[in-house]
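**Q** Start from chain A and add chains B and C according to the hints.
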Amino acid sequence: MLPELGHFALILALLLAGLQAFFGIFGPMFGRERWTSAVPPAVAGQFVMVATAVGCLAASFIGDDFSVRYVAANSNSALPIFYRVSALWGAHEGSLLLWILLLAAWTVAVSIGAARLPRRFAARVLGVLGLVSFGFLLFTLATSNPFLRLDPPAGDGADLNPILQDPALAVHPPILYTGYVGFAVAFAFACAAMLEGRLDQEWARWTRPWTTTAWAFLTCGIALGSFWAYYELGWGGFWFWDPVENASFMPWLVGTALVHSLAVTDKRGLFKSWTLLLAILAFSLSMLGTFLVRSGVLVSVHSFAADPARGIFILAFLVLMIGGALSLYAWRAPLLKSSAGFELGARESLLLFNNVLLVTAAATVFAGTLAPLVSDALKLGTLSVGAPYFNPTFMLSMLPLMALLPLGIHSSWKRGRLSDKQRTLLMTLALAVVFALGLAFGIYSHGQVLTPVGAALGAWIILASLVDPLDRWRRGLSLSRAVLGMSIAHIGIGLAVIALTTVQSFTLERDVALAPGAGTAAGGYEFRFEGVAPIEGPNYDGVGGTIVVTRGGAPVAVLKPQKRQYWVQHQLTTETAIHMSRGNNLLVALGDDLGAGRWSVRIQIRPLVSLIWLAALIMAIGGAVASSDRRYRPARAVQEAAAASAVGEQAT
Amino acid sequence: MNRFVLPMAVFVPLVVILAIGIRHAPEKDIIASPLVGKPAPSFSLPDLADASRAVRSTDLKGRWYLFNVWGTWCGGCRAEHDTLLEIQRAGVLPVVGLDWKDDDTEARAWLQQLGNPYEVVAVDHAGRAAIDWGVYGAPETFLVNPQGIVVYKVVGSLTHDVWTREILPRVPRQPFPGS
Amino acid sequence: MKHPAAVAILGVLAALAPALPALAVDPTQMPTPELQAHYLALTHEFRCMQCQNEALADSPVSLAADLRAEVRDMLLAGKSDAEVRAFMVARYGDFILFRPRFTARTAWLWLAPWVLLLIGAIVLTRVVRARRALLDQDFEPVDEDARP
Numbered sequence: 067m068l069p070e071l072g073h074f075a076l077i078l079a080l081l082l083a084g085l086q087a088f089f090g091i092f093g094p095m096f097g098r099e100r101w102t103s104a105v106p107p108a109v110a111g112q113f114v115m116v117a118t119a120v121g122c123l124a125a126s127f128i129g130d131d132f133s134v135r136y137v138a139a140n141s142n143s144a145l146p147i148f149y150r151v152s153a154l155w156g157a158h159e160g161s162l163l164l165w166i167l168l169l170a171a172w173t174v175a176v177s178i179g180a181a182r183l184p185r186r187f188a189a190r191v192l193g194v195l196g197l198v199s200f201g202f203l204l205f206t207l208a209t210s211n212p213f214l215r216l217d218p219p220a221g222d223g224a225d226l227n228p229i230l231q232d233p234a235l236a237v238h239p240p241i242l243y244t245g246y247v248g249f250a251v252a253f254a255f256a257c258a259a260m261l262e263g264r265l266d267q268e269w270a271r272w273t274r275p276w277t278t279t280a281w282a283f284l285t286c287g288i289a290l291g292s293f294w295a296y297y298e299l300g301w302g303g304f305w306f307w308d309p310v311e312n313a314s315f316m317p318w319l320v321g322t323a324l325v326h327s328l329a330v331t332d333k334r335g336l337f338k339s340w341t342l343l344l345a346i347l348a349f350s351l352s353m354l355g356t357f358l359v360r361s362g363v364l365v366s367v368h369s370f371a372a373d374p375a376r377g378i379f380i381l382a383f384l385v386l387m388i389g390g391a392l393s394l395y396a397w398r399a400p401l402l403k404s405s406a407g408f409e410l411g412a413r414e415s416l417l418l419f420n421n422v423l424l425v426t427a428a429a430t431v432f433a434g435t436l437a438p439l440v441s442d443a444l445k446l447g448t449l450s451v452g453a454p455y456f457n458p459t460f461m462l463s464m465l466p467l468m469a470l471l472p473l474g475i476h477s478s479w480k481r482g483r484l485s486d487k488q489r490t491l492l493m494t495l496a497l498a499v500v501f502a503l504g505l506a507f508g509i510y511s512h513g514q515v516l517t518p519v520g521a522a523l524g525a526w527i528i529l530a531s532l533v534d535p536l537d538r539w540r541r542g543l544s545l546s547r548a549v550l551g552m553s554i555a556h557i558g559i560g561l562a563v564i565a566l567t568t569v570q571s572f573t574l575e576r577d578v579a580l581a582p583g584a585g586t587a588a589g590g591y592e593f594r595f596e597g598v599a600p601i602e603g604p605n606y607d608g609v610g611g612t613i614v615v616t617r618g619g620a621p622v623a624v625l626k627p628q629k630r631q632y633w634v635q636h637q638l639t640t641e642t643a644i645h646m647s648r649g650n651n652l653l654v655a656l657g658d659d660l661g662a663g664r665w666s667v668r669i670q671i672r673p674l675v676s677l678i679w680l681a682a683l684i685m686a687i688g689g690a691v692a693s694s695d696r697r698y699r700p701a702r703a704v705q706e707a708a709a710a711s712a713v714g715e716q717a718t
Numbered sequence: 009m010n011r012f013v014l015p016m017a018v019f020v021p022l023v024v025i026l027a028i029g030i031r032h033a034p035e036k037d038i039i040a041s042p043l044v045g046k047p048a049p050s051f052s053l054p055d056l057a058d059a060s061r062a063v064r065s066t067d068l069k070g071r072w073y074l075f076n077v078w079g080t081w082c083g084g085c086r087a088e089h090d091t092l093l094e095i096q097r098a099g100v101l102p103v104v105g106l107d108w109k110d111d112d113t114e115a116r117a118w119l120q121q122l123g124n125p126y127e128v129v130a131v132d133h134a135g136r137a138a139i140d141w142g143v144y145g146a147p148e149t150f151l152v153n154p155q156g157i158v159v160y161k162v163v164g165s166l167t168h169d170v171w172t173r174e175i176l177p178r179v180p181r182q183p184f185p186g187s
Numbered sequence: 301m302k303h304p305a306a307v308a309i310l311g312v313l314a315a316l317a318p319a320l321p322a323l324a325v326d327p328t329q330m331p332t333p334e335l336q337a338h339y340l341a342l343t344h345e346f347r348c349m350q351c352q353n354e355a356l357a358d359s360p361v362s363l364a365a366d367l368r369a370e371v372r373d374m375l376l377a378g379k380s381d382a383e384v385r386a387f388m389v390a391r392y393g394d395f396i397l398f399r400p401r402f403t404a405r406t407a408w409l410w411l412a413p414w415v416l417l418l419i420g421a422i423v424l425t426r427v428v429r430a431r432r433a434l435l436d437q438d439f440e441p442v443d444e445d446a447r448p
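Line by line, the protein sequences are chains A, B and C.
First residue of the first sequence: 67, per my numbering; consecutive thereafter.
First residue of the second sequence: 9, per my numbering; consecutive thereafter.
First residue of the third sequence: 301, per my numbering; consecutive thereafter.
Bound conformation, chain A alone (with noise of 0.2 Å):
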């Protein structure tokens, strides 16, 4: 009964979702104020669909409703609670009705925070996002309905696969998807203009905190799937240009330039056609990498199972939201032209650049990502392209923007020199250098010729970011929350920079076959190995091994990785065990039994590897801090607006 419940909500939801579209579109068109009223109500009416359908799904999870045939397919009576919610989303069906929900949540948000946008375009935002939603409902109640029974009921169910039933993998895709979806707001608010035929810095303003805030829902997202895989994958690694991932990292790439060119719009009233341009490239890429994960066109490790026939159909959804928004933006983007001027060295100029790089980094990751699939469309033969490919090719986009970074930082709008800033700049970049070197050849005594470079870049990142924050606290000033979150997440970037340089440096990896007793030396520790014993869990057993750490003698860590059997779907996983020790992080996986008690071990030991993810976090809260600023709140835009009419021009 509940399966047929949710179906039934999710049809109603379709509708919802296309008189959204049809009232938000058309009623601002024709001037009908009845049709465009009656937006808000179908949000909310679409929501509530959307969010029952959810829940009958989960409680179909919950209950072992093995006559489900997703639930049959993914759950298992042996499955722990918090496992078979998160199940819900583990494959095809049910992680596209998790995109929908938080569409729909995002939807719901965008109308509330409406109230202070003039109506009609309120609810043309609204239209193209029930367009959206309309077009998701369709494709899976066409093609992949989660309500479908099994006729008859299974026993039991082929259990989630055991590499999903880890925590962190559990909360990824609802936090990945929050930052997706979000790019469809930017996206709705530059068709509506485009619609509307306006675009101004009015505009700008109401875009950012909602760009800003799916920005770093996203980066959070990413940032979980690489810690995940860093822990649970066994190999140590974190970022594997496999093509989903890369999938992620497009969108974030043209989401930051994108937030930066909002900020030029916003205050100078330039780069508006670049704006329109990013975001609908932004959220392009998202729906791109929906297409990519589930059509089955790309080799990769996280594909859910390939189905040609929804990948016509995400093509085509793909061909009217994109093809329409292009030609949307090929009509009305000419008349965006605006007479404002800048130097060299202003901070206008410096943003055009971070856009330029970011999206040729962004061209250069989707040209690797698709080669394949074009190397063999042209008939060109079977192409693979792997990290040796991307990453020297991604570095030579990263390094110039990290080194024009600082310069950016502290740079003037309009008729800005940057050789106001030299001194500032220089003594900056001077402090890092010698951070740089002390961190090469005096904590780590080996390394390449990038590893200063890059530490340099990374600390001069993070000292331009400093200086005006510490300047205004000392000198009792006030500073704005954009400001801050601006600093905030340049830090973060800072960090990251620096953290990667230092993995990529100084990894020490080790393969070893150990007998019970016997161990070995790596990177200034001793790992012994203590032999393995046998261990159960809810829906699992397998052996435990057992590593003693030590450091000069004195114990560091006792490390206890484990090899699990899943007893339903066979599955061998490989848990490492993790400790950080002086900011190192040492990693033991256990390889094959050798016979005889001996074992083949991997020891790893990352230098500040875990750096990556909290600067990640950094850059994310960094995010938030600046969407939170006061100018994009309600009360002080009723102000602004009063103040730009009185003295006829806009005050920002």
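Honestly, the hints are just simulated from the structure, not real lab data.
Some hints here could point you the wrong way.
[Said to hold, decoys possible] Computed cross-link-like contacts, BS3-like style, restricted to lysine-lysine with a CA-CA straight-line distance of at most 25 Å:
id : chain 1 : residue 1 : chain 2 : residue 2
1  : B       : 46        : C       : 379
2  : B       : 69        : B       : 46
3  : A       : 445       : B       : 46
Nothing here was measured: the structure is a model prediction, and the numbers come from that model.
**A** Same frame as chain A, now just chains B and C:
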């Protein structure tokens, strides 16, 4: 050209490529073999029926044959076994087996139980011969001509359809010794 | 057989089934550190043909173990990195390399980042020039404290 039309101009070919990608998607796991058109690798491996005898690639020269890589652990091999027996009965060309990473006793029992479609079976425990053939999964089947050149490769279970559509047309009819 | 394509895929998948992202630990030790470095570099350069996006060094499947042994034996026999690569590509095609070779067919991919940067540089030059020229006619005041 109006620079605002540029994004659309980039989007259209991309869509075309993605559409082609969808059409090719089911075959993306099947890597084209670089061996097609090249000489078949030479090998000398023990015979499954009698370990003291060797199966040599040189002995196979001068006639068409199918080189089938299989193992008792492989589900797809079980699935294609009937087709292999059918090919044997057709008598057009012999099937030479490569028992890959398998246990000899189990392999003999399997052939006893299910029928032996092979003229002879070479045993590859270490997997080196398979690597020379570019084998990356089982079952795989190679069509080799009398000059010793690999003409066609089938990845996955050999089906009646593939046999009649792809392999038979490539082999000129010739009598098979022992038919 | 009703769906030959499906059965063919099943056959391949049956072989692929063990290729789940589990760990392979490779305790192979080469006689010299230099050879060890070559061995590690090479086994990380080749794709595991039965897996989805794993390197030979990290893959637990038996084919990967066989191929690693092949790399080891070739290095011990004194072959160079290039010869090992040629060996692999001759048997498995370009797909086994994570780093696409620079050939006429892949040139577009390797040149793409440079071309993109060039385009970016051109765009930047044109825009900045145009905007600097506009400065002379621009009398709009900008609130300095209102950053970012």
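**Q** Between residue 46 of chain B and residue 379 of chain C, does the CA-CA distance stay at or below 25 Å?
**A** Since the Cα atoms of residue 46 of chain B and residue 379 of chain C sit roughly 23 Å apart, the hinted pair holds (cutoff 25 Å).
**Q** Is the straight-line distance between the alpha-carbon of residue 445 of chain A and that of residue 46 of chain B 25 Å or less?
**A** holds (20 Å)
**Q** Next pair to validate is residue 69 of chain B with residue 46 of chain B; report whether the Cα-Cα distance is within 25 Å.
**A** Holds - the C-alpha atoms of residue 46 of chain B and residue 69 of chain B are around 14 Å apart, at most 25 Å.
Checked against the numbered hints given earlier, the structure satisfies every one of them.
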